[in-house]
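So you can see what is in the structure, the chains are spelled out below.
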Amino acid sequence: MGAIITLCILGILLLYLGLFKMNKALLPVALVGLLVALGFTLSAWNTDAAPLYNGMVVFDRYALSFSALCIVVTALILLLSKEYFRNISEHIAEYYCLIIFSLTGALLVNAYHNFAMLFVGIEIMSVALYILVGIRKSDFASNEAALKYFLMGAFSTGFLLFGITLMYGASGTFDLGALRNYVTSAETVSPLFYGGVLLMLCGLCFKVGVAPFHFWTPDVYDGAPILITSFMSTVVKIASFVGFLRLFSTALVPLDAFWTPVLLTIVIITLFVGNASALLQSSFKRMMAYSSISHAGYMLFAIVVIGENSVPSIFVYATAYALASVIAFAALILVKRMSGSDQFESFNGLAKRAPWLAFALTIAMLSLAGIPLTAGFIGKFMMFNNVMGSYNVTLLVLAAINAAVAVYYYLHVVVCMYFKNAEGAHAGHTTMMPAPINYKVVLGVAAVLTIVLGVYPDLLLVLFGG
Amino acid sequence: MEAFILEKLILVAIVFTISLVIAMYSTLAERKVAGFMQDRYGPNRAGIGGILQPLCDGGKFFFKEEIIPAGAHKVLFVVGPTLAIITACISSAVIPWGQTLTIGGREVVLQVADINVGVLYIFGVVALGVYGIMIGGWASNNKFSLMGAIRAASQSISYEIGMGLSIIALLMVTGTLSMGEIVAQQSGFVNWNIWVQPLGFLIFMTCAFAECNRVPFDLPECETELVGGYHTEYSSMKLGLYMFSEYINMFVSSALMAALYFGGYNFPFMYELGLSQNWITIIGVLVFFLKIFGFIFFFMWIRWTLPRFRYDQLMNLGWKMLIPLAIANIVLTGVITIIKDTYF
Amino acid sequence: MENIVSNIQGIPLNHYIIFCSLIFAIGVTGVLIRRNVIIIMMSIELMLNAVNLLLAAFSAYRGDASGQVFVFFIMALAAAEVAVGLAIIIMVYRNTKSVDIESLSKLRW
Amino acid sequence: MNNLFILLLVPIVSAIVLCFVKNAGIAKWLALAASLLEIGLSVPFLCAFTPDASVQFEQGWTWIASLGIQFHIGIDGISLPLVLLTNGLVPLIVLSSFGKSYKGNFFALVSFMQAGLLLVFMALDGFTFYVGWEAALIPIYFICALWGGGDRIRINLKFFIYTFFGSLLMLVALVFLYNQGDTRSLEWDTLVALQLPESTQRWIFWAFFLAFAIKIPIFPFHTWQPDTYTHAPAAGTMLLAGIMLKMGVYGLIRWLLPIAPFGVLAYSNVIMVLCVIGIVYASVIAFKQQDAKRLVAYSSIAHVGLISAGVISWHEEGLQGAIIQMVNHGLSVVGLFFIIDILQERTGSRNLSDLGGLAHRMPRLAAMFLIILMGAVGLPLTNGFIGEFLLLKGLFDYNLWYAAVGGLTLILGAVYMLRFYQKAMLGPSQERYIVADIRGHEVAVLAVIVFFTLFLGVWPMAVLHLSEASVTNLLNQIKF
Amino acid sequence: MESVNLSSTPVDYIPILIQLGVAVSFGVLTIIGTHLIGPKVRTENKLGAFESGVQVIGNARQRFSIKYFLVAILFVIFDVEVIFMYPWAVNFREFGVEGLIEMFIFMGFLLLGFIYVIKKRALDWD
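Chains as they are written, first to last, in the numbering used here: chain P, 1 to 466; chain G, 1 to 344; chain Z, 1 to 109; chain D, 1 to 480; chain V, 1 to 126.
Everything labelled a hint here was simulated from the structure, so no lab data went into it.
Check the hints yourself; a few may be wrong.
[Said to hold, decoys possible] Calculated lysine to aspartate or glutamate pairs in the EDC-like style (CA-CA distance at most 16 Å, straight line):
#1 Lys40(V) x Glu65(G)
#2 Lys320(G) x Asp124(V)
#3 Lys340(G) x Glu94(V)
#4 Lys21(P) x Glu90(P)
#5 Lys24(P) x Glu90(P)
#6 Lys440(P) x Glu83(P)
#7 Lys32(G) x Glu65(G)
#8 Lys97(Z) x Asp139(P)
Pulled out of the complex, with its shape left as it was, chain P reads as follows:
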C-alpha cells in the first residue's frame, strides 16, 4: 500500500513542480519517487498478505512482484522521456504526473481483491492514458488514437461493469474471496453468473487487446506518441493481464469447464490474427502493435491453463516482453528522430551508423521471437510448459507455427539494420547523432537484463519459491 500512496503523492508533487516551473527537477523527482515506491513494494515482500481495507486490496507476492515490474518498467520509460516530452509540448509536468497516475492505477489492478478496486484501478490507468495518447494536440493521428482509445476503453468498461453487475447479482458480493466461496459452494451457479463471466471476459479482452477485441490496438499504438505506446504496451498491458489472471485464478477456477473453451478460441484467433497482421506491416510501430496482440495471445496461455505455474510464467513472459518492448521503442524513438519515419526502411543500415543500438535492438527482437539465451525464450518455454501441463498439444503446435511466423517480422527489422543500406537522404550519414546518455543507460540495462534473465532465469523464478 505504501507504494500506491507514494505514487499518489508523487503524482501531485510532480504536478506542482510543474506549476512552479521546476521542470528540471521533474525527472529526478519522479525517479526517486519510483525508487521509494519500489522500496515499499519490496519491503512488503515477507509480510503476511491478508486483504486490507475491508478486503479491498491484497498485497500478496503475486501483486508485489508485478507491481515491482511495473514500477521498474515505468522508470525505464521515464528515463527515455527527458527530451521527448519537451519536443511535444510545454506541459511536461502533466505528462509525468499522468504516467505516474496511470502507474498507480496499474498497481491497484495488480492488487485488487474487490471488483470496486479493479474498476477504479482500470479507470485510473485508462483515463490518464486517454490524455497521454492525445498529447500531440495538433497531430491528427494522435487525436484519432486518443479518441479511438477513449471510445473503446469506455465501451469495454461498460462490458466489464455489466459483467461485474451480473456476477454481483448472482453472488451478492464483489469480493474475490467471497466470490470463490460462492462458486465452490453453490449447488447450481446462477445463469446470471455465467453471463457475467462472459461479459467480463469480453471487457477484459478489450482491455488487454486480444482478438477479436483487438481492433483498436494497432491504431491506438500507431497513433500515440512512441513513448506512450511503449508505456501502454508494457505496463498497462501487464497490469491488465494481472487483473485478468487474478480474477480467473482466484475466483473462477472451479468454472473452468465453462470458460476454457471460450478462452481457447480467443487465444487461437489472437495468435493467428496478431501474427498474420504483423506480417503485413510496413511500419515498425504498427508491427509492434500487432506483435503485442500476438504476445497477448501467448500470455493468455497462462490463463487458459491456470495452475501453480501460471503466475511465474506470466511474470517471466511479461518481464521479457516489457524489456524487449522498451528497447524496441527506445530504438524507434532514436531512429524516428533522425529519419522522421517509423517505417522499416528507416532502420536501413542502422548497424553501420549505430552498431550498439542495432545490437540492442537485435537482442530485443530475438527475445520477442523467443530465441534461447534471451529472456523471451524462458518466457515462451514456461508458457509452453504451462499449456503442456494439461496436454494441450494441438494448441502448442499452433503456437509453434505462430512463433515461426513471428520470426519473420521480428527479423525484418534485423534484416533492415544489418543487411540493407540506407538510401536517399540518410545515405551520407556514416554515423548517427549519438544517443543521449539516458537512452544508452536504458538500452544497456534492458539489453543486459534480457540476456541475464535468458541465461539465468532463476533470478526471477526464485521469487516464486521454485
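With chain P fixed as given, assemble chains G, Z, D and V onto it according to the hints.
Relative to chain P, chains G, Z, D and V alone:
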C-alpha cells in the same frame, strides 16, 4: 388512499396557486420596492396602489403576438420556457410549510411530500432549471440568446458547487436529508441553523442569488449587454413563463433559506405560549411566509442596491471565493463538532 | 430502508434484469451503429447507467449496500471519463471540424 | 584440467573479445590463436577418454532450480568425434578466411557458433541441448546474411525460419517430455528412461525428426539448403556443411533413437525411402549443376541422405558408419568448399563451363583436390571408403533394396565429382586466367585435410574405436 | 431525534408526481393558450433574429470560448466529488474522528486539484 391523494391534490393546488400568486405579486412588489428605493411611486394606476397591475401584465402577455423566429428550432423554442416553468414549479414540493393541521380528526401535514432525500431532490430539480434556459437560448438562433444561455449555464453550474458544499456543512449538523426533519429540528429560536452555520448561510444565499439569475448575478439576461440574453427572441406568454419561473425560483429559494437556516415555520416560544397544535401550525405558516417575504424583500433590496458583476468577477467569486470558503466551512464544522462531541 | 426494499422487491427481479439488459443493448447498438462521436459517447453513458440501475436493484434485493456504493464509484469515474472524453472530442473537432467517426480514417485497422 | 566447461568458455570469451577488435589483421590472428588453443585443450580429452560406453567428463549444475532444469554436459563415444571435428575444423575455417579482410565481428560470430555447436554435442540435458541448438543458428544466420552474396536476405530468412520452425517443434516435444514422468526434468537419462507409450512416441518422433531433418537436410525438407550454401560466404558454407548439418544427425542418434524407438521403428521405412530418394535425386541434380558450389551442396544432400539412412537402419555398422562418415564428410566438404573458394577467387567464377585446364597451372591444388575428391567419392584408402562401406553394410542388413539404391551414391558420386574435377582442372586450358598456385594458409588448410583424409582412410579405427562401445550400448539400451 | 423517519416509500413520491402533473399541464396549457389567443401577423423582419437592429451576420450557432467548456468539465468533476460527501455528511457523527480525517484527506486531494486548476489560470477570464 383516495383520501390521501385528494388531500395531497388540494395541498398541491394551494401551494401551486400561492407560488403563482406570489410570483405575480413579486413583479409588482419589485417595482414598488424599486420605486421606494428610488423615491418614486411605482405602479399605482391599476387598482388601489397598483394592486391589479400583475393581472394587467398577465393579460398583456396572453394577448401579445407570439413570434417564433424563422431561424429558430421550433420545437425546442417552445420546450425551453415550458421546461423552465415546470422545474420552477416542482421544486417547492418538499418544502414543509407548516406542522400538522388537524381538520375533522384528520391530520394533514403541510408539506406536499416528505421524502427522505428532500435536499437532494431540490438540488436535482434546481440543476434541471438550467436546461430550460439553455434550450431556449440555443433554439432562438440569436447570438445574444446563445451568449446568455451559455453564461447562464456556466454560472449556474459554477455556483451549484458552492451551494452543494455549503449544504454539506449544514447536513453535518442536521444529520438528515429530509426537509421535514431539518425544519423540525429547529424548533424554537435557539435551534435555528443560522446560529451554527452563519458562514454556510452566507455562501448558500450568495449561490441562491446566482442560481436565480438575480442581480448582481443576472448576467445571462443583462439587458444592457445582451438585450435580455436568453429570452431576447421570446415574446408573449413564453417570455412570461421565463419571468414567472424566475420569480418562482426566487420564492422557492427564499423558502429554502428560511427553512434550512431560519427555522422554517418555527418561531420563538412556540411551545411555551400554551397554544393548541392547530394554532401553532397556523401561526407557524404565517411566520414562515413572513420569513419568506423578508427574503424576497432582501432579494429586491439587493437588486436595487448593488451593481451587476462583470463576468470574470462573477466566476472569480464563485470559484475562488465561495468554494474555498465552503470547504473551509466544512472543515470548521467538522472539527468543531468533533471537539464538541468529544469533550463536552 | 426496509420499506423501500420491500417496495422494490414488489417488482420481480427479472424485470429489472431484462429492462437493464435492454438499455444496455440499446447502448451497445448505439455505439456500434451511430457515427456521431457525441452520440456514441452518450450511448456509452447509457450502458453505464443501465449498469447503475441494475446494481441498485440487485443491491436492494439483497439488502446489501455495497452495490449502491459501487454505483457511486461508477458515477464518479464515469464523470472523469466524460470530462476527458469531451476534451478529446473538442481537440479532434478543432483539428477536423467534424465529430463524425468516419472522418477518423488516417489510421486504418 | 579436463574441464568441459572451459572448452565451452574459450570460444565464448574469444567471441566477446573479438567483438571489439576492429582491425582485420589482429582479428584473424586472434581468432586463429583462440581456435588453436581450443584444439590444444581438446587433445587431453582424446587422450583421457576411455573408449567405453560411459559418459565421461560430466559436469552439471542446476540451471533453473524451480523448473528442475540442469546445465549438464558430458562426452561419450558418439559425441567425442564430433567435438573433435568441430574444434578441428574451426581453425581450418578461420585459416581459410585469412585471404579475406574480415573484421573481428566475423570471427566473433564463428567463435560464438563454435560454442553453440560444442554445447549441442556435449549436452546431456534437453534444455541445454535446445539452447545450444538455437545458439548455433543465430551466428550462422548473421554470417551468411552479412557476408553472403546473391539474394542473401531472402534466402537466409527462409533458412532461418525453416530451421527455426523445426526447432520449435522440437521444443514442443521437449516440453511434452518434460511434463512426463514423476519429476520435472529434461535430463537425457530421465528422458531415455521414460518408456513412453507407442502412440505418444509416434508424434514425438515426428516433432524431433522434422527438426533434425530440416537441419540435416533430408529430402523433402532440403529446399533451403542449396541456395543457402551457394550464397553464403565460403566460411559460412564450411560451417554449415562441415559442422552444422552434423547437429541434425547427432540429434537423431542422441535424442531421437533412445527416446522414441517405437516411433523410429514405425516410420523407419518412410524415412528410409525419403533418404534413398534424396540420395538419387540429389545426385542427379548435382550432375546437372554448372555452379561448383551448388554441385557440392547437392552432393552433400546425397551424402547425408546416406548417413541418415545408416542411422535409421538401426544396426551397429550403420551407426558406426554414420559417425565416421560425419567426420569424413566434414573434412571433405570443408576442403571442397575451400577449393571452390580458391578457384572463385582466382578466376572470378565458379561456373564449371568457365573453368578448365587449371591443373597444370596449379599443380599443388590439383593434387590435393584429387585426394580430397577421392575421399568424398569414397575410394579405398581414403576416409570416405570405410564410412560408406559401413553405411551400406548397415543398410544391407536392414533391407537389400535400400542398400542397392543407396549404393548408387557411390557410383553417382563418382560420376559428378569426377565431372567436376574434369571440368575444372583438366581439359583445354583457359588462357585468360592468370592464376597462381595455392600458397601459405591455403596449403596449410588443404594439407591438414589431405592428411586426415588419408589417415582416416588407412586407420579408421582411430574414430571407430572411440564410438564402438557407445553405439553398442545405445543399441542395447533401446528396449522394444 | 428518536423519531427520525428514515424510510421513504414510493407513496411519498406520489405527491411529487401530482405536482409535476400540475406543473406540466400549467406550462403546456399556457403555451397553447397564448398560441390560440395571440394575433399572428408574420413579416420577414419580425421573424429575423434580433441584433439590436443591426444587419444579422452569420449563423448564431458558432463556436464559443473554450473557457465555458472548461468550466463545464470542472463542474462535472467537482460536482461528482461533492456527491461523495453527502452520505458522509449525513452520517458524519457516526464516522467520528477517523471518518473526518479520511474525508479531510479526500478533500485535501480535491483542494490540491483545485489549486492546480486555479494556478493554471483555467478559471481566469480576460
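Here is what the structure says about each hint:
{"no.": "1", "hint": "Lys40(V) x Glu65(G)", "result": "holds, 6 Å"}
{"no.": "2", "hint": "Lys320(G) x Asp124(V)", "result": "holds, 10 Å"}
{"no.": "3", "hint": "Lys340(G) x Glu94(V)", "result": "holds, 14 Å"}
{"no.": "4", "hint": "Lys21(P) x Glu90(P)", "result": "holds, 11 Å"}
{"no.": "5", "hint": "Lys24(P) x Glu90(P)", "result": "holds, 13 Å"}
{"no.": "6", "hint": "Lys440(P) x Glu83(P)", "result": "holds, 14 Å"}
{"no.": "7", "hint": "Lys32(G) x Glu65(G)", "result": "violated, 28 Å"}
{"no.": "8", "hint": "Lys97(Z) x Asp139(P)", "result": "holds, 14 Å"}
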